[in-house]
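> In terms of our numbering, the sequence shown opens at residue 11 and continues consecutively.
Certain hints may be false.
Each pair of labels, with its calculated beta carbon distance range [as the list claims (entries may be wrong)]: (1) Ile123 with Leu83: 16 to 26 Å; (2) Leu340 with Ser258: 26 to 36 Å; (3) Ile262 with Gly110: 21 to 31 Å; (4) Gly110 with Gly244: 37 to 47 Å.
Calculated cross-link-like contacts (lysine to aspartate or glutamate; reagent style EDC-like; alpha-carbon spacing at most 20 Å) [said to hold, decoys possible]: (5) Lys92 with Asp39; (6) Lys63 with Asp53; (7) Lys272 with Asp53; (8) Lys272 with Asp94; (9) Lys92 with Asp55; (10) Lys63 with Glu76; (11) Lys84 with Glu69; (12) Lys272 with Asp57; (13) Lys84 with Asp39; (14) Lys408 with Asp350; (15) Lys406 with Asp350; (16) Lys272 with Asp55; (17) Lys63 with Asp39; (18) Lys92 with Asp57; (19) Lys408 with Asp39; (20) Lys84 with Asp57; (21) Lys325 with Glu407; (22) Lys84 with Asp94; (23) Lys378 with Glu69; (24) Lys63 with Asp94; (25) Lys92 with Asp53.
It should be emphasised that the hints constitute simulated quantities derived from the structure, not laboratory data.
Positions of the beta carbon are idealized from the N, C-alpha and C atoms, including for glycine.
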Amino acid sequence: MRLFAGLFILASSIFLIHYFFSGEAVYGDGIDYWVHLRSIYFDHDLDFTNEYKHIFSPENNNSNNEIVSPFVLKTSLTSTGKADNPHTGGTASLLWPFFGAADVAILAGLNGIRNGYSDIYQISVGLGSVILGIAGVFVGSLLAIKTGVKRSWARWGAAGIFLGSPLLYYGSYDVINSHTAIFLAVSLFWYILFFSKNKANKRLVFLGALAGLAASIRMQEGLLLIFGIFWLIGNKTERRADISFLMSGFLIVFWPVLYQWKYLYGVWWPQTYLASGHIFRGWTGSLLHGTNGLFSRTPALFLILIKLPQLIVKKREVRYLTLYFLAQMLVITWQGGWRDAAYGARMYISSLPLFTILLAAFLQILTKYMGGKTAILVVLVFALTNLLSIGSFIFKEKEVNSGNKRGLEEHALDRLEKLLGR
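Model the full assembly from the supplied sequences, consistent with the hints where possible.
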């Protein structure tokens, strides 16, 4: 467990250092997830208008005299006159305890402004997101163990994926997003589907609930329900009853999304997933694009595919995870959001359980022929390569709130320059 504790300390330190310079953790798409937290906790409704009128800045977030825009920012109004929020509430449901803990701490006397925006809320939720990411890494190691990898290399494989993939960026630097939440939810789903020995109906309901949670975090993860159904059919169980329990669990958790859509858009199933108007531009971009491609940005993930043919033959679980990765590729390419400003192929984070198993198996065979130190060195090289890539993105490529390609956010740069005495 020391390895996971070390990852948590590393990720938390990166988050807190970034927060020290930037003064905030909520920006970009993170605002869409944040308004869910605040509106439901403080206002007990899905009317996000007042949250979208809030001006997110370090000063305004921590002010007793909040400056409010006369109109909604970042978003638009729906046909029903509500402030639009294209992101659903699944992420907020996992981060809500950390938001609530911050509020309870203020009520108990901890210094902070009780407005749902101030530092204590953002730091608490940010650290909560880090916890979700590390929990997903731990579950990923359990998946690798169950597929036949020794415990030590399963853990190093899981750590290597965290350090060598976009998950490091979204699990430590830019944490108010859906990525750590979806990584944990999907990893749990696969682990329980593949390896839980409990055949009771409650297991199937829980599996369906996990699929519903994943879909409410990110719509593309609704694929889990389909793969769960195929797995049950392949097991030749009492198919109709099992599938009904699975779908019941899914609907129980997913119905708030339907309610949100009805409230915001006036219909139960609006077309929001393709609403950004992306144009299809080929099948390989999400994998090979210079900035946002999965394998071009993090080539280490491509290298470990060398273990895939062998494991596909031996392990049914790997076959399912591979098919899921291919299905994800089709959806991600069709939807087109992979081209948006972001670090790497973030939409593939839910496919990282497959790469965890591949890397763990690769490290185990590498240890057999070249020794354990060489295997650990490979993980460190993966991590260093990814850190250099992240550094390039943050300091040279990242578009900031002004739209200028200036790297770090302006206020973070200003603070850094003041500390350096410039």
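> Which hint numbers does the structure go against, in order from smallest to largest?
21, 23
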